[in-house]
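Trainee: Taken in sequence, the protein lines are chains A and Z. Heads up, the first sequence is in full-length UniProt numbering, so the first residue is 1 and it goes up one at a time. Heads up, the second sequence is in full-length UniProt numbering, so the first residue is 1 and it goes up one at a time.
Be aware that a few hints might be false.
Stated by the list, open to error - Covered stretches of chain Z (chain A as the covering partner; in silico rule of three or more C-beta atoms under 8 Å from a C-beta of chain A):
(1) 77 to 88
(2) 97 to 107
(3) 165 to 179
Hints in this document: simulated from the structure, not taken from any laboratory. Note that CB positions come from ideal geometry on N, CA and C, so glycine has one too.
There are 2 protein chains.
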Amino acid sequence: MAHQVTIKDIAKILGISASTVSRALKDHPDISPKTKRMVQAFAQKVNYRPNALALNLRRSKTNTIGIIIPEIVHHFFSSVISGIEKVAYAAGYNVMICQSNEDYNREVIDAQALLDNRVDGVLMSLSKTTFDHDHIRNLIDHGIPVVFFDRAPNEIEADKVFIDDFMGAKIATHHLIATGCRNILHLAAPSHLLIGQRRRDGYIKALEENGIQFNPDFIIKCDTRDDVFANAGKILQLANQIDGIFTVNDSTAIATMQVLMKNGIRIPEHISVIGFGDGPNANICYPPLSTVEQKGTEIGKEATQLLLNQIENTEDIYKPTTKTITPVLRIRESTLM
Amino acid sequence: MAHQVTIKDIAKILGISASTVSRALKDHPDISPKTKRMVQAFAQKVNYRPNALALNLRRSKTNTIGIIIPEIVHHFFSSVISGIEKVAYAAGYNVMICQSNEDYNREVIDAQALLDNRVDGVLMSLSKTTFDHDHIRNLIDHGIPVVFFDRAPNEIEADKVFIDDFMGAKIATHHLIATGCRNILHLAAPSHLLIGQRRRDGYIKALEENGIQFNPDFIIKCDTRDDVFANAGKILQLANQIDGIFTVNDSTAIATMQVLMKNGIRIPEHISVIGFGDGPNANICYPPLSTVEQKGTEIGKEATQLLLNQIENTEDIYKPTTKTITPVLRIRESTLM
């Protein structure tokens with residue numbers, strides 16, 4: 001299928017040479033008005049379009065930006081995409097999105113597909129299973145600039161845009177303490193993930209700054225809805241020793257509130273809960289969740305601006321930068337006033 | 001930036017002809033082993049890669065499927081994408097996603113970008129602001145097969161995959177009636193949208209089948225969270241006349257429950273609420289929402305299979321089909337047992 005009419009096809013059908021067709025289409029003075037009319041009318045009739053791939057090849061710019069993200073369904077990533085699109089569209093670029101599904105092998109294929117399609121630049125956030133970065137180096141070695149957001153490899157020098165996870169965790173924990181909590185449980189992400197490490201450090205720092213002794217029993221590795229149900233016994237056992245919970249993300253916070261409430265514990269009267277993310281679920285759950293806004297749209301905009309700077313930079317000197325966006329507290333009804 | 005090393009570049013640097021370089025890289029017998037070694041070693045050193053665009057041009061197949069969807073953030077569409085990816089990946093195709101953001105002009109640009117990149121086929125769901133279909137005809141006229149899911153134009157002959165909205169609405173309303181509801185409010189989508197029309201018809205049909213008189217006052221055009229807040233007065237005014245609500249989607253149902261509960265109305269004791277969609281929010285809201293599962297993954301799989309049939313179909317005879325997926329009831333705590 002998918003046959004596109006070529007200059008050769010037109011030449012064959014009209015019984016003239018391909019170069020005559022080509023020159024007629026370009027309105028070349030050597031070609032008679034009669035031939036031009038015939039060729040142009042016929043080209044229109046058969047839907048002839050100068051081959052876009054061939055055009056791209058010549059001008060060597062596709063005006064397309066590629067995105068590789070772990071999961072579209074994740075609200076944070078879809079808000080990053082909105083931010084990317086805003087800046088990219090305004091600058092006249094298209095956006096093509098590939099999903100790695102947290103799978104290293106798929107990420108490699110995506111990177112190759114974007115290279116094959118000659119995108120002008122790539123914005124990416126690493127999958128959780130990516131430990132090797134040759135596919136990224138390969139993009140850079142082919143002159144395709146790459147900017148990272150949220151999850152970036154330490155090993156690669158590139159522009160990087162992060163949310164300030166340490167600061168976000170610190171202000172969340174400060175809010176719990178300011179509203180009277182003294183025994184605060186932290187439901188944490190694995191510490192091999194940078195965000196897990198930084199949010200835990202922010203939690204510990206806030207305790208320290210308020211003269212509260214850090215209790216290692218008050219950190220549980222638990223960062224998904226399923227984890228919460230698996231750890232329900234453990235969390236409920238701690239329930240009468242704690243008055244606040246800071247979770248590494250919103251869905252963990254929401255599932256925790258559901259488990260606690262099912263067992264007669266009132267939020268926030270008995271235990272305050274604060275999350276991290278501020279997706280639409282934070283407004284939908286019961287009670288509405290206090291949380292830290294992750295500013296995905298702003299991250300997407302910043303990352304795209306950095307990428308466009310590189311794409312449109314004609315000089316050879318280029319020094320990678322790292323930008324950090326400060327998150328903001330959103331207080332709702334799952335914490336005390 | 002983004003300069004890719006070409007055969008010409010290599011020829012110039014090594015001081016030999018481009019055709020010698022080309023033949024050396026192809027291991028042509030006319031070229032001496034010494035020249036081959038030099039060219040091949042140099043090509044490797046400078047990261048030479050046969051131009052992918054040029055290769056695509058020759059084989060005229062990119063093994064890429066393009067998707068145009070209204071909104072990635074919408075759970076239904078992201079589950080369709082999962083379904084598409086499963087089937088496409090298994091068949092050796094990549095997937096590139098473009099988002100129209102419910103904007104006709106962006107949809108036109110997306111279609112052109114996918115045409116320019118010569119995708120092998122396109123899967124799409126129309127934006128709410130698309131009333132003209134020339135950009136779609138343009139894809140089809142260029143031999144790129146298009147399969148629609150969820151939102152499709154009547155005017156275009158193509159494969160189409162739908163959820164059976166009529167049946168879904170009917171089983172949802174039947175469930176309310178079976179659990180004792182007799183006065184059922186329907187919060188509806190605009191009737192110019194096919195899904196709005198079909199879900200309203202299913203609701204009316206279920207009333208009819210149960211001998212319940214249809215009351216036109218019991219339909220309000222209200223299909224977003226914001227709509228619910230704007231119509232809160234109207235809904236609360238009806239509250240003591242009704243015992244059940246069927247909403248056209250989950251987010252409308254969830255916002256409605258929030259409005260009712262804020263005003264002391266208990267769900268489901270006073271009023272039962274059932275939605276349509278079954279995204280993750282249905283488990284997160286309070287009370288957990290009874291709803292109709294929209295089977296996005298299955299729709300994505302079916303649509304992709306239809307598209308692959310067309311892409312890989314070598315015969316010229318092709319007859320478009322429409323597939324309808326039957327939705328399933330998910331009963332939770334917002335309706336009575």
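Trainee: All the hints need checking, so say for each whether the structure fits it.
Mentor: Hints, verified against the model:
{"no.": "1", "hint": "77 to 88", "verdict": "holds (count 5)"}
{"no.": "2", "hint": "97 to 107", "verdict": "holds (count 5)"}
{"no.": "3", "hint": "165 to 179", "verdict": "violated (count 0)"}
In summary, the one numbered hint that this structure violates is 3.
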